[in-house]
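Chains A and B supply the protein sequences, listed in that same order.
Each step along the first sequence adds one to the number in this note's numbering, with nothing skipped, and position 277 is 1024.
Each step along the second sequence adds one to the number in this note's numbering, with nothing skipped, and position 146 is 618.
To be clear, the hints were calculated from the coordinates, so they are not data collected in a lab.
The reader is advised that the hints may include incorrect statements.
[Claimed, not checked] In silico EDC-like pairs for lysine to aspartate or glutamate, Cα to Cα no more than 16 Å straight-line:
(1) B:K479 x A:E938
(2) B:K570 x B:D664
(3) B:K570 x B:E661
(4) A:K833 x A:E988
(5) B:K726 x B:D537
(6) B:K505 x A:E897
[Unchecked claim] Label pairs and their computed distance ranges (CB to CB):
(7) A:A961 x B:A534: 50 to 56 Å
(8) A:L1008 x B:S612: 21 to 27 Å
(9) A:P814 x B:F546: 35 to 41 Å
(10) A:L942 x B:R572: 51 to 57 Å
(11) B:Q508 x A:L942: 50 to 56 Å
(12) A:A783 x B:W626: 30 to 36 Å
(13) B:S540 x A:L1008: 51 to 57 Å
(14) B:F674 x A:P814: 36 to 42 Å
(15) B:I677 x A:A783: 19 to 25 Å
(16) A:F794 x B:A654: 28 to 34 Å
(17) B:L486 x A:T778: 56 to 62 Å
(18) A:R832 x B:G625: 34 to 40 Å
(19) A:L1008 x B:G750: 43 to 49 Å
Cβ atoms here follow ideal geometry from the backbone N, Cα and C, with glycine treated the same way.
Here is how the chains run, residue by residue.
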Amino acid sequence: MSAVGATQLERAQVRARVTDAPRRARVRGGTLLVHALLIACIAVVVFPLYFALTVSTQDLQQVVQRPPRLLPSTHMLDNYAEAWRKANMGRMLLNSAAMAVTVAVGKIVISMLSAFAIVYFNFRGRTLCFWMIFITLMLPVPVRLMSTYEVIGTLGWLNSYEGLTIPLMASATATFLFRQFYLTVPSEMAEAAQLDGAGPLRFLWGFLLPLSWANIAALFVVLFIFGWNQYLWPLMITNTEAMRTVVIGLEQLIPRSGTELPTWNLIMAGAMMALLPPVAIIIFMQRWFVKGLVESDK
Amino acid sequence: MQRAVFKSRWLPYLLVAPQLAVTVLFFFWPAVKSLQLSLYRVSPFGDRSTFIGLENFTKLLADPDYYSSVLNSFLFAGGVTALSVFGSLVLAGLATQKIRGLAVYRTLLLWPYGIAPAVAGIIFLFIFHPAYGILPYFLSFVTDYEFNWLLKGWVAMTLVIVATAWTHLGYNIAFYIAGLLAIPASVMEAADVDGAGPLRRFTAIVFPLVSPITFYLVVLNMVFAFFESFGVVDAVTKGGPGQATEIMVYKLYKDGFIGLNLGSSGAQSVILMAIVIGLTVLQFRFAERKVTYR
């Protein structure tokens, strides 16, 4: 701090300045201003969601009325039931949930195992493995689009849950997170386990896994959202109604041509159903979500 | 890499096998195939292919449509990044002040990350709707300009940029809050004692101290905008009107899946690969620096 060499007197003066009355009043005014600014900004950020929710409760007449109606109405249940029926929502939500959970769990299991091998074993090709996993970061779906499609086709995995999930299970970021975590566990622990006659798998299962729950929860939240919100992958792998996920299936509800009824209340009802699971997970598991984002960097 | 406690001839290979199997089968092999494809002319059904060297690339580089998709990509990624990174810094700056109710405010700021870009796009599509949308309605009181995304390319571009930036907010805010909370309280107190007002404290102290995070987020937002934003374009504008919102990834999909031009889509994949490699190298540069600053 700048006051390192300050004399007693100077320090006292500083203290006096910090605690005097007009200053405190200014601070209180500042606090109010911060609240006001935050509320204004949050209103802007929340508005699209509020508006979508509002429209999803209105009937067709209210949707198109001028000036636009900004208040909820009473047709919520009708609209959600209609959207559910019209777009086969139940099936799509089920597919999305299956995909998101399987991809998240798969990525976590695969990454735990490979990070364990890389940290606790000395084997030929260890560095090569590490780099191979790292390089997947540089190969997002678009840069291998057509040829991945071909591979999935050759395996006979088009329109299947295997095709939807297994190819997405490699994860450099999750592997790095577990590697980083294992490196913070003192190596004496593993040595002690060995002296007690516990093998590596026993050590992983009985000692490392119970220590990893915080990391697993954090990764699960982030990876669930990643899986749920996939678009290009399910669009490419599936082309049947039965396999469609909700994020790609929603689009069919949009009234495109002028001759269709402008049923924006139904599509907003569909959008609310599609966004509720990932948003709810962020809100209820916020602590894990922030940890997962900031520590896994993707 | 140190450590290595256990000894086994086969177990480590078994443990890395699932990860490597997925990596080789679905990442490396297709990537190599894409590279190879880019040097061939392939008939639409894939039964005949002729080696043609770099012709796919020279054709692409002579194609004005390709240039416009490159330009659109940078415009889109730049717009999304500028809007969401700057907006997030301001919001995170407000949400780390010493006031009551911070937990509630932070929750209200983080949730947009959960919304898929395509779903966000659909919500904004209605807000921007030329006939029923709330935005053109209120703008019509201010100006006679026809704010119609179906006719005006820049309106369509604004629509997809705003929708995508909205979904990036939660991510960026989480990083900035972590970074801002790591600034030692003594630094801010010292500035306060020296009489620096809130704005001056922000520009002279906070902004430089979080600049490594800012660079890192800029790169990451660019990567997301380039490679994870296919959904918003496909669900909302389909690249239109004209080709105003046709970004590189959308053109690649269109030429490959719909046009069945495998050689050209291979060449486009290779160019995207070069971009993602460049961005990833930058990302890890800044990731290292971010760590030393924190």
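Exercise for review: Please name the hints from earlier in the document that this structure breaks, with their numbers sorted from lowest to highest.
Suggested key: 13
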